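Participant: Protein chains in written order, with this note's numbering: chain A, 289 to 632; chain B, 1231 to 1504.
Derived by calculation from the structure, the hints in this document are not laboratory data.
Mixed in with the good hints there might be a few duds.
To be verified - Computed far set for chain B versus chain A, every beta-carbon distance over 10 angstroms:
no., residue
1, F1286
2, V1298
3, R1343
4, N1385
5, D1444
As the list claims (entries may be wrong) - Each computed DSS-like pair below joins lysine-lysine, with the alpha-carbon atoms no more than 30 angstroms apart:
no., chain 1, residue 1, chain 2, residue 2
6, B, K1416, A, K560
7, B, K1380, A, K485
8, B, K1280, A, K485
9, A, K560, B, K1245
10, A, K380, B, K1456
This one's a predicted model, so the numbers in the text were calculated from it and none came from an experiment.
Even glycine gets a Cβ: it sits at the ideal position worked out from N, Cα and C.
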Amino acid sequence: MNFDDYRGVWVFLEEKDGVIAPVSLELLGAGRRLADKRGSELSGVLIGEGVNILAASAFEYGADKVFVYDDPIYRYYRTEAYMRAMLACVEKHKPEILLYGATSTGKDLASAVATDLPTGLTADTTQLDVEEDTGLLLASRPAFGGNIMATILCKKYRPQMATVRPKVMKALPRQPGRTGAVIAESIPLREEDVRTKVLEIVRATTRRVRIDEADIIVAGGKGLGSPAGFQVIHRLAETLGAAVGASRDVVEAGWIGHHHQVGQTGVTVTPKIYFAIGISGAIQHLVGMQNSGLIVAINKDPAAPIFQACHYGIVGDALEIVPMLIEAFESALGRKEEANAGKV
Amino acid sequence: MLHIVACIKQVPDTKIIKMNPKTNTMDRASAPAILNPYDSHAVEEAVRLKARYGGFVSVLTMGPPPAVKAIKKCIEIGADEGYMITDRAFAGADTLATSYALTKALEKIAAIRPVDLIICGKMTIDGDTGQVGPGIARRLDIPPLTSVCKVVEINRERGYAVVHRKLEDGHEVIRSTLPCLLSVEKEINEVPYSSMPNMLRAARYQPHIWSVNDLPDIDRAQLGLKGSPTIVSAVWAPPKPQGGKLLEGAPSEQVNQLLDVLLERRELLEVGRS
Ligand SMILES: Cc1cc2nc3c(=O)[nH]c(=O)nc-3n(C[C@H](O)[C@H](O)[C@H](O)COP(=O)(O)OP(=O)(O)OC[C@H]3O[C@@H](n4cnc5c(N)ncnc54)[C@H](O)[C@@H]3O)c2cc1C
Ligand SMILES: Nc1ncnc2c1ncn2[C@@H]1O[C@H](COP(=O)(O)O)[C@@H](O)[C@H]1O
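Make a model of the complete structure from these sequences and hints.
Facilitator: See below:
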């Protein structure tokens, strides 16, 4: 394998509800930095049906080139079909680094591609850097239940691949009008070659705020005392436009569905602001949220471990504090709206 | 007869493991070794499918000799047979080398009794990648189905499976040819307490144990540390949030101080409201 043949940083561009998924835009931001450091190009790979038009926004968020596989066979994500396209693209254009969002689709695709190439794949990366002269990717991630951070290298194979957690990297500000090259690609793939069929897609009927993608999460624990007490969590979340999170004990008590559980056996989240209210801060909870930008804890026990992990803490009764907080926010944010209204 | 193989791993219980703060290595002795929690759901699902369709459940693990205990745990859940591959040559394997070794063992198991379905856990709590399952599927060239939250139907005669794959906002219904590999979510089932007969059987049970020499046509260069493209170059303690600043004063003052901190990040709150 001649490493010099492998150039450039690529991002798998995941489509979500007709736009490029936020995590892919974040990866374009991170990828841009790596490509600039290497003096190489940043490219996106778009696979889907009718996805051609999405290339434009990839350029506005930093891509120089976008490889597009646009065909009805890619209508739904299917491992085999997407993998064939990605493998063909990698073999033809040879990237040095290839990044995927650590979403269910990104992880599924990356694992399959890594095995077939073969190459190394680092999962759930939270920090990325590259050695300027060698192009060696330094992919770091939490390991062993969050007890340590580890930097993983892939010295002997190219491309170097990693899945990257959503909400960790920063998208660049959109640069309207920035353009690049669209490269239409295709492979001879027939429906009979794909051994899985998507029979149906069932969207959850209740509009669930996705905690893995939320900027703000208000999470509640057993300390709220009862399902009725837990309602203050929903109210604060509504005031802030936040998603609702929960500890496992609350989920097991049936106060809220398991999609809301944060932690080792729930979802790992990295919002910009995380409120832990009436949550003790067990290690299994902490590993799921400790990389959040700003952690605010409210707990009546000053010795609760959550206070070791938070940035700001209030010792007090959540059922008293949270309603005050809601009121304070409503008037602060409300005043802003009045001010704006006044300007019109 | 439907033959299902669940891949399982023994892992240190990462929630109570102690770290050596100087070397940032795990003190393995400080944590009990347990069956990877996600893999117990994989075994349970295999056992449930056996109850539904009839069949045979095998479990496979790669690990050090004490991992026999994890196999016994699977026998308690209801597995029929256990296989373990254990050898110095496997040590230090990353996901690519792990999936290679497990695939070789699966080929040998399939020669004894053809395999229709392989079930893996969503991920291990020590490796924490979820990559080994899809890796095995690619090596065997069978469809990998990840994020499976329900098995609707397994039709061995007609050679297909129908499953639900969990999506961020719902699920999709997928039909795949058999054999295929499922990586299952924890909500797919609940693992009940083991029955007394299973516990008694597990206590006496001895799994099949193979070393690298027992696996035919194996390429040693693809095993263990030397067969692993990824290497760990550095480990360090995760940054702890500095803050831990407890606000002071009457509750209303504390609320106002917090409000000030948060309003500095006003743009977020506004994004949240739009
Ligand atoms: C294998 C395993 C996996 C696990 N995975 C997870 C996971 O993914 N996520 C998770 O969250 N947990 C997980 N757990 C459980 C975890 O160990 C804790 O039991 C759980 O997080 C505790 O939930 P809690 O903080 O809501 O409840 P508690 O520990 O009961 O804490 C309640 C807190 O509320 C405070 N409080 C009480 N009243 C008030 C009040 N009026 N106002 C303010 N504060 C108040 C108390 O001081 C206390 O600190 C796991 C456990 C195991 C064994
Ligand atoms: N050493 C192993 N032996 C058997 N199965 C394994 C092993 N490592 C991983 N697996 C399987 O692959 C799944 C994903 O593991 P991982 O990629 O380590 O997160 C696990 O839930 C197991 O089903």
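Participant: Starting from the hint list further up, note which numbers the structure goes against and sort them upward.
Facilitator: The structure conflicts with no hint, since it agrees with every one listed earlier.
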